[in-house]
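*Asks:* Below are the chains, spelled out letter by letter.
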Amino acid sequence: MNALKKAKSFANKFATNWAKFVIKRKWPVLLVTLALAMGLASKGNMEFDGDYHVFFSKSNPELEAFDALQEKFTKDDNVILVLTPSNKNIFTKENLTAIEELTAEAWNTPYSSRVDAITNFQYTRAEGDDLYVDDLSYESTLKSEEEIAKIKEVALKEPLLVDRIINREGSVTAINITVKLPGLDVNEIPQEVTPFVRNMISDFKEKHPDFEIHSSGLIPMNTAFFEASMKDMMLTMIMLVIVIITTLILTRNFYSMLATLVVVMFSIISAVGFVGIMGIKLTPPSAVFPTMILTLAVADSIHILVTMLQKMRKDGLNKVDALVESMRLNFMPVFITSLTTIIGFLTMNFGDVPPFWDLGNITAFGMMMAFLFSTTTLPALMAILPVKATAKQQEREKKKTGWYTSMGNFVVKQPVRLAIVSIVVISGLTYLANKNVFNDEFINYFDKTVEFRNNTDYISENLTGIYNVEYAIGSGESGGINNPEYLKNLNAFEDWLKAQPEVIHVSAFSEVARRVNRSMHGDDEAYYRVPDNREEAAQYLLLYELSLPFGLDLNNQINVDKSETRVTATIDNISSAEMIAFSKRGEKWLRDNTPEPMHAIGVSPTLMFSKLGFRQADSMFNGNIVALILISLVLMIALRSFKLGLLSIIPNVTPVLVGFGIWFLYKGQINTGMVIVFGMTLGIIVDDTVHFMSKFLRARRELGYDAKQAVIYAFETVGKALVTTTIVLIAGFAVLSTSSFALNSYMARITVIIIIAALIIDFILLPSLLILTAKKEKPVVIEEPQPQVVLNK
Amino acid sequence: MKKIIVLTLATLSTVLLHAQSAEARGLEIAKAAEQADLGFGSSIVELKMVLKNKNGQTSERSLMTKTLELTEDGDKSLIVFNSPKDVKGTSTLTFTHKIGSDDQWLFLPSIKRVKRISSNNKSGPFVGSEFAYEDLSSQEVEKYTYKFLEEKGDLLIVEQDPVDPKSGYTRRVITYNKNKGYRIEKAEFYDRKNALLKTLTYSDYKLYKNKFWRAGTFHMVNHQSNKETLLHFNNYNFDANLTEDDFTQVALQRAGK
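Protein chains in written order, with this note's numbering: chain A, 1 to 793; chain B, 1001 to 1257.
Don't take each hint at face value.
[Stated by the list, open to error] Label pairs and their in silico Cβ distance ranges:
no.	chain 1	residue 1	chain 2	residue 2	range
1	B	Ile-1111	A	Asp-495	22 to 28 Å
2	A	Leu-184	B	Lys-1098	39 to 45 Å
3	A	Gly-183	B	Lys-1048	30 to 36 Å
4	B	Gln-1224	A	Leu-142	48 to 54 Å
5	A	Asn-45	B	Gln-1224	27 to 33 Å
6	A	Glu-477	B	Gly-1216	45 to 51 Å
7	A	Lys-150	B	Ile-1111	38 to 44 Å
8	A	Ser-86	B	Thr-1201	49 to 55 Å
9	B	Gly-1216	A	Lys-584	35 to 41 Å
10	A	Glu-477	B	Lys-1048	16 to 22 Å
11	B	Lys-1085	A	Asn-45	54 to 60 Å
12	A	Glu-485	B	Thr-1243	42 to 48 Å
[Unchecked claim] BS3-like mimics (lysine-lysine), calculated; alpha carbons at most 30 Å apart, straight line:
no.	chain 1	residue 1	chain 2	residue 2
13	B	Lys-1166	A	Lys-180
14	B	Lys-1186	A	Lys-75
15	A	Lys-75	B	Lys-1098
16	B	Lys-1052	A	Lys-75
17	B	Lys-1112	A	Lys-93
18	A	Lys-205	B	Lys-1098
19	A	Lys-143	B	Lys-1166
20	A	Lys-157	B	Lys-1186
21	A	Lys-152	B	Lys-1166
22	A	Lys-488	B	Lys-1098
23	A	Lys-180	A	Lys-319
24	B	Lys-1054	A	Lys-150
25	A	Lys-180	B	Lys-1112
26	B	Lys-1112	A	Lys-143
27	A	Lys-58	B	Lys-1054
28	A	Lys-75	B	Lys-1193
29	A	Lys-180	B	Lys-1048
Don't read these hints as lab results, they were simulated from the structure.
For glycine and all other residues, C-beta sits at the position ideal for the given N, C-alpha and C.
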């Protein structure tokens, strides 16, 4: 007890001395912290990275498999331009000419390596022993009616084109630009490819106003990621306005608002410096850090300021005394809540999604700086600024604890009933929480305010799918892709894929083999099958390859050694779970029906995203446990009570369960961004518990109240503070929830739910439990006052 | 008076020389290179092609090439594949034309037939390598327009723009060695968007018959895909005295057996 007392008084002394020191040396303190913030800010460098690869850690097995496939064949990032002529007929001289023109222009796209369009499709036909290979529509301006009719007939029968480059009606067509990025600079896409493509589109629209044009593909997706990051960063401005208003309302003092603003701005620019020093490239999840820091850091300042002003207005202390007293009372609580928040954010490092590591680390650093500035810059500034309490304000402070007292009385009257009701509601929602399913359909990451989403939806409704699954099918020997056995199996796999309901289009080498075989037999349809002799197949392939033009070769389908080929299945918009199931079905079919070298696993960006949520959840599980243990330990130490530390787990964990339960009723689908909320919100909502429990303990230990009185005391003293910080947090996350990017908006929305749930639980379930668990104990002996709890005000 | 005329003429010619400089000098160099190689008659050479991808995985093909020099039109050539096994005996016969697209036939031993490939496509990769057919076919002066760029010691650097609209390139930049019979030391290829696509370096040059420089190794590097292809030439034979009869469809069938 004595040791505790010493520690306690040491902490008090430390905080008091700290405050006195800061106030005495207010100018130097202000200048040093200003220099620190500016110094960090000068290292600041915010670069954005829109590459979807950033979502996958280096060791992500899906990414490794996909990269391996791209190494074997070609690395394809693409832009797909979808053209819809107003006359709903691609096959007119004017329209084909326009498409041919745009195709030629598309070759000028920076880093482009290939352009596929209806006009440059390599149409193969035979006349006797002559083999003709040429663009389907070359110099379209010179085509006659009959020739165009023939082009239409060929195109709409061509399996390589239909549902990929042209729709079945021949009214919508695509130009697919494959881009091979050197990957040396993050600005390759935003500053080179995207501006070029956008210019090309607008020039084309000007010249051909009767074409509608939509663009999608991995490059526009990167751009959308990039632009989402920038847009989300702009949310900071809105949050800043909210901070100003909230601080003004809560403190009713202009200088307090000003000082708070300085503290949060210092914290943010320091975090920006951290970003620059660590060389972090911002992504949509991590680009929200300024709003996060604003939201969380403002609470520190508000606690200190509100107490200070209260002491001035209510207790009539002078400014300096009020400031010292406020610092003495708040130093430890602010330290502990900062600590738990930092722990919560740092646990994001346990996950498997790098942008969230960045978010966690940047925010944790920002919170550390916020603690530092709140305890240095803030008191220094308040000491400098001419803050006064008016008589009118002093008057007003005195009434209004009424609502919180009746709330306390309400709980105290029926703790058993409230506990039971709470537990029933929480159990019900926990049950529902488990029924949420992961869905990381990356197109749906963007809401309908984003052009990319709308364009992509248009394309999937009118032409082809956006999602795909790819298999690198090996033959087990050099040149083995010409083995008739291999070709037959490949062909069977192609057929099987085509028969699957979710498949829109299949591109496989067996199709090439069939087509060439037919051409080698005078275009006889009976020979539209894979060759049955290895030499024949190999020599046909050699002949065919010799006849292909620049950029339209088979290197994207066949590896150098001719031992493997690539099968690409284009898929409907289906959920992550269905996508994973589909790819597994394909893998199983290969295992059941083909020899071992042909067994391949499905890979693609779509699949990588599909599995991302599960992977993140698995890896975050440990992180969450660690966060829970660490934060509970912090609570035990802070409250100096093992029992209450354990009890605190209930109000700390249940809000998350309740949050996900309500989410099930709201959406039912969760994404990768939401996996991190457990650790993150734990660090935030724990503050409520800490404040409430510490007041409860203070009443029990120092004032000798029984449990019921202590609960009412806690409501009266801390109720308002909890409500106001909750409001600030809700405001911050509500701002984030307007993000057009679902990883951020869903995360923010569920956080709002969790924070509200936390407050309700802390006001209903926690006091009930405190009363119920205290029942068996004898009232604390009054004669021996316990040391004052750390966390009091 | 005479002096003045001579002087005037001299000045005029230097001025003219400079005025026509870039384009004409480029053409001049190309013609000089053609001239220097004139009269080899015919040649036979074996070559090994090594394809390498980014990760260093390799794949090999071996071929034999016969070339017949023609002056009034482009050269004729015959290529026979010896490996991989499943294309052994497959042969191509090509008549390059100074103007218009080339004629090409392919003999497929598996079906024992000659197929004519009618295609304007010469820009695609040659058997999966980083060489386009247009990089390997006979280099006729008429197929490009020229622009002299610079002179570095013995090296003359000339830009060449293909006449064929279906070429995969906007231009090539060729480095000739003036003192070594205008042999080519290096070629850089720029793709349709005028970005550097590939670099071809010639090495292990040997002088045959005291006149004809032939490189023993062609090394093509694709800067965009990071793949590369090596061609190793072996046993140049300039004494076979091939004739037009060795470059017919019948000869093509025979070669493949």
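*Asks:* Would the pair Lys-1112 (chain B) and Lys-143 (chain A) pass a check requiring their Cα atoms to be no farther apart than 30 Å?
*Replies:* 37 Å, violated
*Asks:* With a cut-off of 30 Å on the C-alpha distance, tell me whether Lys-180 (chain A) and Lys-1048 (chain B) pass.
*Replies:* It holds: about 29 Å lies between the C-alpha atoms, which stays within 30 Å.
*Asks:* At the C-beta level, are Asn-45 (chain A) and Gln-1224 (chain B) separated by a distance inside 27 to 33 Å?
*Replies:* 29 Å, holds
*Asks:* For Gly-183 (chain A) and Lys-1048 (chain B), compare the CB-CB distance with the range 30 to 36 Å and indicate the outcome.
*Replies:* Taking Cβ atoms as reference, Gly-183 (chain A) and Lys-1048 (chain B) lie about 33 Å apart, which means the hint holds.
*Asks:* Are Lys-150 (chain A) and Ile-1111 (chain B) spaced within 38 to 44 Å by their CB atoms?
*Replies:* Between Lys-150 (chain A) and Ile-1111 (chain B), where Cβ atoms are some 28 Å apart, the hint is violated.
*Asks:* Holds or violated: the 39 to 45 Å window for the beta-carbon distance between Leu-184 (chain A) and Lys-1098 (chain B)?
*Replies:* 42 Å, holds
*Asks:* Checking one constraint from the list: CA of Lys-75 (chain A) to CA of Lys-1098 (chain B), max 30 Å. Satisfied?
*Replies:* Distance ~37 Å between Lys-75 (chain A) and Lys-1098 (chain B) Cα, so the pair is violated.
*Asks:* Is it true that the C-beta distance of Ile-1111 (chain B) to Asp-495 (chain A) lies inside 22 to 28 Å, as the hint says?
*Replies:* The hinted range 22 to 28 Å holds for Ile-1111 (chain B) and Asp-495 (chain A), with Cβ atoms some 26 Å apart.
*Asks:* Could you check the hint for me, namely that Gln-1224 (chain B) and Leu-142 (chain A) are 48 to 54 Å apart, CB to CB?
*Replies:* 33 Å, violated
*Asks:* Has the given pair, Lys-157 (chain A) with Lys-1186 (chain B), been kept, meaning a C-alpha gap of at most 30 Å?
*Replies:* This hinted pair is violated, its Cα atoms lying about 46 Å apart.
*Asks:* Do the alpha carbons of Lys-58 (chain A) and Lys-1054 (chain B) lie within 30 Å of each other, as the hint requires?
*Replies:* Distance of about 19 Å is within 30 Å: holds.
*Asks:* Does the structure keep Lys-1054 (chain B) and Lys-150 (chain A) at a Cα separation of 30 Å or less?
*Replies:* 42 Å, violated
This entry does not satisfy hints 4, 6, 7, 9, 15, 17, 18, 20, 22, 23, 24, 25, 26, going by the numbered hints stated previously.
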